[in-house]
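Chains A and B are the protein sequences, given in the same order. Going by my numbering, the first residue of the first sequence is number 1, and it counts up by one from there. Going by my numbering, the first residue of the second sequence is number 1, and it counts up by one from there.
FYI, nobody ran anything at the bench for these hints, they're computed from the structure. Mixed in with the good hints there might be a few duds.
[Unchecked claim] No more than 25 Å apart at the CA atoms, straight line, and that leaves these computed lysine to any residue pairs for SDA-like:
| hint | chain 1 | residue 1 | chain 2 | residue 2 |
| --- | --- | --- | --- | --- |
| 1 | B | 314 | A | 299 |
| 2 | B | 280 | B | 243 |
| 3 | A | 79 | A | 335 |
| 4 | A | 269 | B | 214 |
| 5 | A | 269 | B | 339 |
| 6 | B | 280 | A | 213 |
| 7 | B | 128 | B | 17 |
| 8 | B | 280 | A | 68 |
| 9 | B | 314 | A | 338 |
| 10 | B | 346 | B | 303 |
| 11 | A | 280 | A | 297 |
| 12 | A | 269 | B | 330 |
| 13 | B | 280 | A | 52 |
[Unchecked claim] Listed next, the stretches of chain B that the computed footprint assigns to chain A, with coverage defined by at least 3 CB atoms under 8 Å from CB atoms of chain A:
| hint | region |
| --- | --- |
| 14 | 22 to 32 |
| 15 | 100 to 114 |
| 16 | 292 to 300 |
| 17 | 334 to 346 |
Note that CB positions come from ideal geometry on N, CA and C, so glycine has one too.
There are 2 protein chains.
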Amino acid sequence: MTAKQGELFIDCDIHQRIKSPKQFYPYLPRVYREDIDQFGLRLTTTGGGGYLNGGAGGYRADSYPDDGTIAGSEFSLLKEQLLDSYNIEYGILGGQDVSPVSTLPDADYAAAVAAAYNDWMIEDWIEKDDRLKGLAVIALQNPKKAAEEIRRSGKHPGIVGALVQNGARFPYGQRYYDPIFEALAEMNLPFCIHIGGEGSGVNGQPTPAGYPSYYIENRQSRAMGCQAHIASMIFEGLFDRYPDLQVVFIEGGFIWLPTFLWRLDSDWKALRNQTPWVQKPPSEYVFDHIRFTSQPMEQPEPQRRLLSIFEWGKAERTLMFATDYPHWDFDSPELSLPAMPEAMRKRVMLENAREFFKLPARQLADAVAD
Amino acid sequence: MTAKQGELFIDCDIHQRIKSPKQFYPYLPRVYREDIDQFGLRLTTTGGGGYLNGGAGGYRADSYPDDGTIAGSEFSLLKEQLLDSYNIEYGILGGQDVSPVSTLPDADYAAAVAAAYNDWMIEDWIEKDDRLKGLAVIALQNPKKAAEEIRRSGKHPGIVGALVQNGARFPYGQRYYDPIFEALAEMNLPFCIHIGGEGSGVNGQPTPAGYPSYYIENRQSRAMGCQAHIASMIFEGLFDRYPDLQVVFIEGGFIWLPTFLWRLDSDWKALRNQTPWVQKPPSEYVFDHIRFTSQPMEQPEPQRRLLSIFEWGKAERTLMFATDYPHWDFDSPELSLPAMPEAMRKRVMLENAREFFKLPARQLADAVAD
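Isolated chain A, as found in the complex:
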């Protein structure tokens, strides 16, 4: 079979990159262009500023353009390796280089860089291919300004959510962030949390035991951040304040979810008098409001264990497929998921993401013709 005849899916995690900050200089105030000329972007994409990553500098070796510069920075190569190699209905752009803006000390600079990046993504990527949709980066240092950016860039039909990192100074249920959730409710957009930033910049340490030594250890703090945010959103009553809010955790994993929900539900039964506004089991809030992307999917033996986890975590509602192209730990749509019932697979590969990002179904013929 050729890939184009394969299964139709939505890829919820694609990383398009800049070759240079100069690419979004047209959208950036002069003062910040001059600062970047002197000091660079001051954004680390390796986490904590000192950890390695995997693969070839963090990326698939074949995803570097012929000029040898930046993996994921050429639209034509991304189109060839991903969009035209698989039967992709939509691909959701999550960027890379500018995602850590909320780890910066300077709130105004962070907000300006986020806005410039969003404009560059719209013009240089989204408007080039109608399969591509994007998440608008917001800077959390000033929630009011982040809300303005949601209202500004969210007007473009190619923007399908607001993007923040998982590492954070405060968990996302806390009331400091309310202006952001008001803007998302107004614009009918979801809140998208991509792993990264755990232990970086102005964020504190990535684990309750401080900073680990190695990248493989720091990867384990991803799920910790997701769990902290989930607990915060539920027990602060965020979903009671914003009943239409939808949230996705991107690249934070899924297999830890069911037993985490057992813990939350057990603790809530014993301690619900301390947060009386939480009126139903925490797991129900998760099933109603929170989604997870699939990559990187673990492959335990025997595989039926993974299918049990999918069933317990209601993957048919909660899980959305992602490749993480062009990262080294790219998940293939053909190889990365366990055998599962056909109806569950269609939800995971396609329908959950269509509903979450409010994307219309495309005709398969259209998709092939692209």
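Got chain A sorted already, so can you dock chain B onto it with the hints?
Then chain B, alone, in the frame of chain A:
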């Protein structure tokens, strides 16, 4: 059936308390007695200094003595409610009030308080009942001094391990702690990590998303700390440096373990070139070196899911029963575990802890006669 005729077990998590720091003044230098008179112990037992706990001030309402003072502070009441109410072969004392010594700024004061507490525990508790064994608190600020305390208090036959909290400034595989592991190897004692201290005192924040608002959220950071320490111990090569080292996580939960090991094993397969001294899958290190206590055990529906988790996590090797007396979330030996094969249950209730703490089997008749 009367409880004394019930199943024999070892309780791996009992919290005996002080009524006043004056109880260990006989073991404490005068300068610190005077400081405590003026400023108190400066140790918080509620975590982070600002969170609530559950139950009656954190304890079973019936565990307060008739004088209404401190739950768990009377040997006679602990004997009546726990040791004589159940068929306990041994009970492992983990204290309470002095456990957070490593969250203090002053290394010498912390070490002095730990040593004084250990002497008090031996004299006022362990020597009163030969079912009681204890964990010696060590202060981590000065690992050399902690090693001295292990060699000093570890000489007493009632001391069966060294005790630290889960919240920490650095994860426990880091080489800063090596003097402690050398002393443990010399004394043939295990390293015992009890939850607590996540986000407290000089420790950093308890999650990669900062400080949560509520106790129920902060409870979720317990597993995060355990996971950070496990990853650190494996990827720093701690078990390769100290091949006989045994570790237990007390009250940190168990149900998150299997999927955490799937994640570690998957990541290790992909990234093992970065830590080439790790020569086998991380899960094998855990099964060989690390144990977990059972309380607080979640009770998901249907119960067979919990049994799957027990099987995947090799509970017959890794899990040891605990009540957490006199805390409010006390687990009953009769009610808190799922139905499981008899051989697995005997390992969990009794044999794993006998082996871990190197305790000889007692005759049932002896136990009843006590």
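Verification of the supplied hints:
1. Between residue 314/B and residue 299/A, the direct Cα distance comes to roughly 18 Å. Compliance with the 25 Å bound is thereby established for this hinted pair.
2. For the hint pairing residue 280/B with residue 243/B, the CA-to-CA distance comes to about 14 Å; that is within 25 Å, so the pair holds.
3. Only pairs whose Cα atoms come within 25 Å are accepted, and residue 79/A paired with residue 335/A is accepted, the gap being roughly 21 Å.
4. Between residue 269/A and residue 214/B, the direct Cα distance comes to roughly 15 Å. Compliance with the 25 Å bound is thereby established for this hinted pair.
5. Of the supplied pair hints, the one linking residue 269/A and residue 339/B holds, its CA atoms being roughly 22 Å apart against a limit of 25 Å.
6. At most 25 Å may separate the alpha-carbon atoms for a hinted pair to count; residue 280/B and residue 213/A meet this at roughly 19 Å.
7. Pair hint residue 128/B plus residue 17/B holds up; C-alpha atoms about 15 Å apart against a cutoff of 25 Å.
8. At most 25 Å may separate the alpha-carbon atoms for a hinted pair to count; residue 280/B and residue 68/A exceed this at roughly 36 Å.
9. The suggested pairing of residue 314/B with residue 338/A holds, with an alpha-carbon distance near 23 Å, which does not exceed 25 Å.
10. A hinted pair counts as satisfied when its Cα atoms are at most 25 Å apart, and residue 346/B with residue 303/B qualifies at roughly 19 Å.
11. As the CA atoms of residue 280/A and residue 297/A are separated by approximately 30 Å, the hinted pair breaks the 25 Å bound.
12. Proposed proximity of residue 269/A and residue 330/B is supported: the alpha carbons are some 15 Å apart, at most 25 Å.
13. Our distance criterion of 25 Å between C-alpha atoms is met by residue 280/B and residue 52/A, whose separation comes to about 21 Å.
14. For a cut-off of 8 Å, the count of residues in the region 22 to 32 of chain B with a CB near a CB of chain A stands at 0, and the three-residue condition is violated.
15. Check on the region 100 to 114 of chain B: 0 of its residues sit with their Cβ under 8 Å from a Cβ of chain A, so the three-residue criterion for coverage is violated.
16. For the region 292 to 300 of chain B, the stated coverage by chain A is satisfied: 4 residues place a CB nearer than 8 Å to a CB of that chain, which reaches the threshold of 3.
17. With 0 residues carrying a beta carbon less than 8 Å from a beta carbon of chain A, the region 334 to 346 of chain B misses the three-residue requirement, and the given coverage is violated.
In summary, the numbered hints that this structure violates are 8, 11, 14, 15 and 17.
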